[in-house]
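Asker: What follows is each chain in one-letter form.
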Amino acid sequence: MRIPYGGDYNPEQWPEEVWKQDHRLFDAARIDTVTVGVFTWARTQPSADEYDFTTLDRIVERVAAEGRRICLATGTGALPPWLAKAHPEVNRTDFEGRRHRYGQRHNACPSSPVFRQLSTEMARQVARRYAGNPAIIAWHVGNEYGGACYCDLCAAAFRDWLGARYSTLERLNAAWNTTFWSHTFTGWDEIEPPSALTEHWRGPDHTAFQGITLDYLRFMSDAMLANFRDEKAAIREADPTTPVTTNFMGMYRPIDYHRWAAHLDFASWDNYPPDDTSQARMAFTHDLMRGLKDGQPFWLMEQTPSYTASRDVNPLKRPGLMRLWSWQAVAHGADAVLFFQLRASRGACEKYHGAVVGHAGRSDTRVFREVAELGAELEKLGGVTLGARTPAKVAVLFDWDSWWALEISDGPSRLVRYQQVVLAYHRALWDAGADIDVVPVDADLSRYDVVFAPALHMVKGDLAERLEEVAGRGGSVVTTFLSGRVDEDDNAFLTDVPGPLGPLMGIRVDEWDARGPEFVNPVRLDNGPVVDARLLFELVIPQGADVLGTYEADFYTGTPAVTRNAFGQGYGWYVAAGLDEVGVGWVVRQVLDRHNLGGPYPDVPD
Amino acid sequence: MRIPYGGDYNPEQWPEEVWKQDHRLFDAARIDTVTVGVFTWARTQPSADEYDFTTLDRIVERVAAEGRRICLATGTGALPPWLAKAHPEVNRTDFEGRRHRYGQRHNACPSSPVFRQLSTEMARQVARRYAGNPAIIAWHVGNEYGGACYCDLCAAAFRDWLGARYSTLERLNAAWNTTFWSHTFTGWDEIEPPSALTEHWRGPDHTAFQGITLDYLRFMSDAMLANFRDEKAAIREADPTTPVTTNFMGMYRPIDYHRWAAHLDFASWDNYPPDDTSQARMAFTHDLMRGLKDGQPFWLMEQTPSYTASRDVNPLKRPGLMRLWSWQAVAHGADAVLFFQLRASRGACEKYHGAVVGHAGRSDTRVFREVAELGAELEKLGGVTLGARTPAKVAVLFDWDSWWALEISDGPSRLVRYQQVVLAYHRALWDAGADIDVVPVDADLSRYDVVFAPALHMVKGDLAERLEEVAGRGGSVVTTFLSGRVDEDDNAFLTDVPGPLGPLMGIRVDEWDARGPEFVNPVRLDNGPVVDARLLFELVIPQGADVLGTYEADFYTGTPAVTRNAFGQGYGWYVAAGLDEVGVGWVVRQVLDRHNLGGPYPDVPD
Amino acid sequence: MRIPYGGDYNPEQWPEEVWKQDHRLFDAARIDTVTVGVFTWARTQPSADEYDFTTLDRIVERVAAEGRRICLATGTGALPPWLAKAHPEVNRTDFEGRRHRYGQRHNACPSSPVFRQLSTEMARQVARRYAGNPAIIAWHVGNEYGGACYCDLCAAAFRDWLGARYSTLERLNAAWNTTFWSHTFTGWDEIEPPSALTEHWRGPDHTAFQGITLDYLRFMSDAMLANFRDEKAAIREADPTTPVTTNFMGMYRPIDYHRWAAHLDFASWDNYPPDDTSQARMAFTHDLMRGLKDGQPFWLMEQTPSYTASRDVNPLKRPGLMRLWSWQAVAHGADAVLFFQLRASRGACEKYHGAVVGHAGRSDTRVFREVAELGAELEKLGGVTLGARTPAKVAVLFDWDSWWALEISDGPSRLVRYQQVVLAYHRALWDAGADIDVVPVDADLSRYDVVFAPALHMVKGDLAERLEEVAGRGGSVVTTFLSGRVDEDDNAFLTDVPGPLGPLMGIRVDEWDARGPEFVNPVRLDNGPVVDARLLFELVIPQGADVLGTYEADFYTGTPAVTRNAFGQGYGWYVAAGLDEVGVGWVVRQVLDRHNLGGPYPDVPD
Ligand SMILES: [Zn+2]
Ligand SMILES: [Zn+2]
Ligand SMILES: [Zn+2]
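Chains A, B and C, in that order, give the protein sequences.
First residue of the first sequence: 1, per the UniProt record's numbering; consecutive thereafter.
First residue of the second sequence: 1, per the UniProt record's numbering; consecutive thereafter.
First residue of the third sequence: 1, per the UniProt record's numbering; consecutive thereafter.
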């Protein structure tokens with residue numbers, strides 16, 4: 001057993017003589033695993049009443065005969081044209097209220113009974129046919145779930161979802177604070193999906209009612225999860241054991257992967273970093289993916305060997321970078337290294353997307369050589385890293401609800417972005433060489449000495465108590481501006497800011513100042529540097545906390561920007577402003593040093 | 001009697017124990033006036049057949065019992081959900097042609113018979129119930145009227161409005177110059193609202209037929225005025241005397257407040273300046289609001305004590321600024337100083353909008369302290385400023401028709417913006433310390449020594465004669481580039497530019513040059529500085545006027561940029577290009593000096 | 001016979017006393033030709049059953065009586081309102097799927113049977129009535145054909161067009177590579193127009209299936225061509241000889257003028273350059289227009305004497321520029337010099353568009369004087385240039401298919417724009433003083449010594465062989481990055497890049513690097529300068545070619561950026577990166593020098 005190495009393989013696009021060449025090239029590159037069938041629905045079900053596995057049979061047989069392993073897709077990642085024509089309601093209605101017609105992928109309404117029935121049946125047919133084939137090492141359901149639908153079927157499903165959540169309209173009206181702007185709902189059918197035609201202005205982040213939009217985000221994530229679960233259940237009818245996954249997309253805002261994770265047997269994700277200098281970002285995403293299932297390894301399901309095609313500008317991965325990033329994935333917990341795609345398609349929107357084998361079918365290219373070299377290295381490594389876990393003492397909390405709530409909020413600042421705040425702290429930890437877990441807010445925190453909770457806008461359940469427990473037993477908890485603002489319904493806490501985090505932080509915030517990116521307020525750190533702060537500046541009134549950094553400008557000069565509060569045996573840290581990289585680094589080092597959690601190789605250049 | 005001080009108060013969002021705390025805090029802050037009921041429709045009419053004033057009764061009773069004064073809203077600022085569901089046609093159809101569903105506020109079609117009937121009945125019910133309550137000092141109809149609808153009901157109402165305006169299609173075709181591009185209408189029902197689906201491209205300012213778009217702007221302003229008048233009439237059935245108002249939004253393009261003003265008993269407006277350096281702009285807007293009803297005082301109906309929430313970046317008002325700006329309002333004619341809002345709402349899009357009392361309910365915050373200090377100052381002032389008028393000798397003309405016509409015009413330049421031109425001249429007058437009235441083009445000009453008419457694109461009725469009369473008796477009239485171009489139908493005058501202003505200005509303009517903002521043509525002023533001019537450069541051929549400034553660059557070097565024409569006992573000034581602040585200031589000082597109208601404290605720093 | 005001089009004339013907008021003034025002014029300006037009737041449909045057919053030529057008769061009679069020549073329009077450039085109301089399906093459905101209502105111009109669905117029938121009948125009526133009038137020297141069909149429709153009628157017509165092109169769904173599925181993303185079509189009616197509701201994202205250039213979008217572009221160009229041909233055939237029923245044209249718009253992407261050209265008796269175009277420094281661009285466009293009909297002269301159908309109105313900023317043409325550019329047109333092959341417009345319209349979106357006669361009707365303006373001076377010059381010239389041809393030895397290929405394919409492609413770079421690449425090479429040739437033909441890819445290349453094929457993304461038919469023939473007999477062929485990538489269906493060639501151009505170029509390209517505009521890779525030219533390269537960098541592996549330029553930066557430092565391959569008696573040149581003006585100039589001079597094709601006056605300042 002070795003790390004699965006290979007990637008997406010679509011031989012149905014080619015005549016069979018090409019398949020022969022493919023396998024010769026796979027051998028040369030030590031490719032032992034292929035993902036097949038991702039977009040085969042139109043072929044495997046050419047009409048409503050007909051399933052036809054002729055081609056898929058031949059592909060699977062040939063791959064197995066060549067000794068390769070298979071990650072077999074259910075093939076429901078894109079609708080076939082006949083289905084969209086026969087049942088127009090399976091096509092999505094977009095945020096602008098426009099019912100789409102056939103095209104693209106990610107194109108099905110998740111609430112459509114026809115789509116749910118036919119996609120489930122497709123998974124059932126595939127599983128029934130290929131279950132037991134020893135080449136199959138994983139099932140791949142759908143593909144990169146995402147997007148959103150605003151159709152009447154989804155509206156009805158949303159109302160059901162709300163009924164289950166709130167039971168009564170009284171509770172719903174309270175949760176959404178509908179008295180504001182005369183929105184009191186007196187019938188469930190008065191509720192509409194929040195869209196450009198209803199509560200929104202300017203776009204998906206600008207809503208009159210944050211509570212409605214937040215619940216729709218949760219609902220839509222759940223609706224697509226139901227699609228995944230439908231298919232998984234159908235697979236399980238025929239195959240009770242082979243692991244089932246779907247490919248995630250890292251920090252992908254529309255889907256709360258934490259709510260999905262329990263339903264996957266292992267996580268997997270597609271890594272398309274925006275540019276050559278994304279190492280820190282990728283490190284974070286790998287940690288996030290590893291944190292989905294409590295530290296369990298994940299698969300790197302897709303990466304390009306060379307370039308993407310969908311961006312305005314698609315730069316080439318520099319020589320050596322693909323290898324470096326593949327090993328980074330393994331080091332962070334990846335148990336598979338797979339490419340999209342093994343052979344470049346001839347036409348349509350990915351014909352210029354990088355591939356292991358290009359249009360000319362050559363093996364004497366730089367890209368193929370690098371792929372083959374990595375294949376040889378992984379073969380040599382064998383299975384030694386498979387299943388390995390690396391539990392850490394430092395946790396970073398990541399929370400889709402806080403992400404959504406912060407970014408759909410009107411005020412204080414649209415410029416404060418959740419990912420940027422979290423990434424800044426993770427990056428500083430990474431630079432310090434610390435081992436880090438990225439975990440959901442309901443994770444078991446008892447194993448951590450240090451917990452970072454950047455921009456933890458929403459505080460749910462007993463989280464505040466559990467954070468207090470960390471500090472109480474001698475740990476350190478760090479949070480920032482715009483944390484502790486709202487409850488699970490996105491209603492403000494009726495207490496001083498930072499709400500339930502106040503006792504742990506030992507501070508109170510009455511007001512705050514948002515400014516454009518051109519404005520800098522320097523922050524003088526205690527026995528440390530003077531650093532820049534930007535975008536948001538909370539005015540902190542200590543309620544017991546010590547001041548470790550102060551603003552140097554504006555009418556609040558000299559007031560606290562960074563505080564530390566002794567709590568039990570430990571501390572609560574509060575960073576009230578958007579510090580620059582040096583500032584965040586200083587805070588992080590202070591905290592790590594106390595616990596001796598800096599890594600052995602800090603400050604290695606990227 | 002003292003200046004009403006307080007603001008928007010929405011206790012229906014809170015349990016009654018909070019109300020008690022509210023009033024204690026209002027006492028501490030010398031708050032004596034509250035606006036209640038703005039968004040209560042869903043509560044006061046929970047279904048088609050049911051009115052329920054239980055909550056509003058308790059609020060009004062409590063406020064009155066506490067000795068406070070009430071500005072009572074009719075509550076029609078946002079539809080209740082049941083109404084939108086039962087009568088989908090009450091929801092607006094937007095510029096893109098999309099019929100909306102329930103959401104937001106400002107969401108009713110002004111032409112919908114159901115909306116008109118039910119909103120009027122709501123006002124009638126409220127007035128009937130509370131008329132005679134001595135605490136009520138004003139009625140507040142609707143809220144921040146605005147937006148536009150493009151539905152079929154509005155199309156039909158537009159055709160009726162056109163029928164009343166033009167009587168025959170012949171006259172309509174002539175007014176719209178429909179022979180151009182084969183647009184001759186042969187039936188009233190062929191006329192469509194000008195939208196993204198009909199005459200427009202790129203957006204609301206880009207139209208193929210300026211005349212159609214201009215008339216639709218007028219119609220829509222009138223349609224919403226009819227909504228206001230419906231409600232006012234219903235109030236008057238029960239209460240013949242208490243003044244009725246609605247809150248305006250300053251320089252708000254969609255509504256011609258000059259056409260509305262006669263129907264309000266007093267004007268009021270909501271002041272949300274874009275940033276900390278808006279003093280000059282606010283001075284202008286206060287003057288505009290005071291000019292709506294011939295110098296009669298107005299109310300400052302809303303301002304934030306600290307920050308807004310709806311902007312991308314919502315900075316904090318610096319300490320002292322709220323006080324300074326409140327006094328500025330009083331000095332410019334405000335007879336009330338009110339905040340939005342007294343207590344911050346818990347949820348939805350204004351939960352981070354500033355409030356006198358925040359989520360924690362504290363009175364020991366900086367913001368509350370400043371509010372209380374201003375309350376004490378206003379209490380000490382008493383009623384001494386109430387009803388005061390400050391007639392001026394300098395008028396600035398402001399004209400919605402010119403604003404619309406200029407900004408929907410194709411050519412010469414989309415970069416010339418009406419507000420910027422008018423503000424530049426008002427600001428120079430303000431810097432010079434002059435007392436200024438901002439008045440409509442049909443105002444009585446006989447009281448003014450100096451009249452500024454910047455960017456007076458449209459010249460209607462006998463305006464040219466009345467301006468000539470000002471100059472004839474020794475006054476000064478100043479106008480600028482892009483003035484005197486079109487008649488009331490937006491058809492070009494078939495004379496030399498500047499049309500009917502030509503004789504007074506003593507010039508003729510055959511051509512003009514529009515340039516990007518990066519291009520500067522220096523203008524040498526007579527015995528004055530060389531200043532920058534930008535965006536638009538008219539080429540002036542004097543027909544009797546003296547040249548007081550000349551271009552210094554391009555092929556028209558040495559030709560006139562500023563002229564002054566002796567006319568009767570006075571002068572007509574023409575500024576042919578977009579001068580910078582120094583240049584506009586120089587012109588303004590020349591004019592004021594002749595009339596000794598500079599103020600006693602010119603050039604005070606902002 | 002002299003060069004027709006005059007322009008668009010719309011006297012139907014004015015009372016007849018103005019016509020008298022018009023003709024006096026035309027005489028003064030030596031205007032001898034007018035285009036009439038372009039937007040007269042509403043007047044000539046005021047209702048479904050009625051044609052009324054009263055006004056047009058008087059206009060034509062008067063113009064003829066004054067001794068002027070007429071370019072007579074069929075008048076179908078904009079629908080009349082009654083037609084749009086009676087047959088809503090004649091209004092276009094836009095890319096967003098919105099059926100429009102009446103408004104604008106360019107507003108008819110080209111597939112609508114009603115529009116086709118009525119517009120053809122309109123042309124028939126006009127031709128029948130005025131054929132034989134000796135004043136008429138040309139027929140002007142429609143006006144500036146363009147735009148696109150996505151309605152169900154167009155969908156049906158598209159399917160018919162596809163049926164004619166592909167015969168079977170098997171061939172269509174292969175051409176579009178539908179196996180990718182499960183798009184296999186099993187019924188013709190499953191095919192939808194590619195729009196924002198189907199295959200597109202972000203806009204018209206971002207499509208999931210390039211093949212579908214490419215075919216729709218071809219179809220829509222053909223559909224409007226059918227409209228033109230309908231009208232032309234109706235004219236020919238009454239008038240077998242007078243030439244028929246329509247006014248093109250230069251490099252206008254939506255219409256493949258090469259496919260239209262055979263159906264026009266002569267080409268004509270409207271020249272509205274973006275700014276004062278467009279000489280090189282206009283030179284190219286004139287050459288393109290002259291190349292449409294194999295070098296035959298064309299008409300300059302429209303230009304403004306002063307300014308446009310539709311741009312954000314509409315600068316004034318400097319004195320002398322209108323004259324200079326008119327002579328440039330004549331030198332490049334124009335056989336007519338016409339303005340839009342002779343008299344400025346009073347209202348609507350072109351009231352500020354420049355005109356020979358302005359609103360005041362003056363002849364003592366600078367613009368009128370310049371028009372009259374040019375009129376006198378052209379009168380003096382007489383007919384000496386009419387029909388002149390200037391065959392060149394240098395060809396630049398221009399190809400709408402390559403333009404479309406390149407710009408709808410996902411990857412490598414959205415920043416590489418076809419026009420910019422082609423213009424860069426043409427400009428360098430123009431700077432070198434060469435005579436240039438701009439020709440379609442199916443032109444006879446046997447007459448050229450040098451052929452430039454910049455960004456020739458698509459290589460169709462026997463083009464590669466014909467280019468090889470040019471080099472084989474001693475000529476030079478130059479192509480660039482992103483050439484030779486796809487076949488006629490937009491499917492990648494299954495060979496090394498640059499596909500069928502590989503043997504001629506003697507190179508192979510395995511990979512490429514796209515970068516933002518801020519990144520520069522210097523290219524060292526052989527015995528030449530070091531120049532900047534930007535945006536796209538192909539990595540070239542010579543297969544026999546000589547290296548004439550190398551990259552100076554990045555991991556591919558020292559590898560080829562410019563190559564020259566000896567082929568037969570001549571050469572194939574390949575420029576692998578986006579060189580700057582100096583770099584392109586160097587390549588062009590190297591090539592021209594070999595053939596002694598530089599002009600006598602190179603490097604004249606613009
Ligand atoms: Zn749906
Ligand atoms: Zn309406
Ligand atoms: Zn159509």
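Please note: incorrect hints may appear among the correct ones.
[What the hints assert, rightly or not] Under the rule of at most 20 Å between Cα atoms (straight-line distance), these lysine to aspartate or glutamate pairs were calculated in the EDC-like manner: (1) A:85 / C:170; (2) A:85 / C:431; (3) B:85 / A:32; (4) C:85 / B:265; (5) A:85 / C:160; (6) B:293 / B:265; (7) C:85 / B:160; (8) A:85 / C:152.
Simulated from the structure, these hints should not be mistaken for laboratory data.
No experiment lies behind these values; they were computed from the predicted model shown.
Asker: In ascending order, which of the hints set out earlier in this document are inconsistent with the structure?
Answerer: 2, 3 and 4
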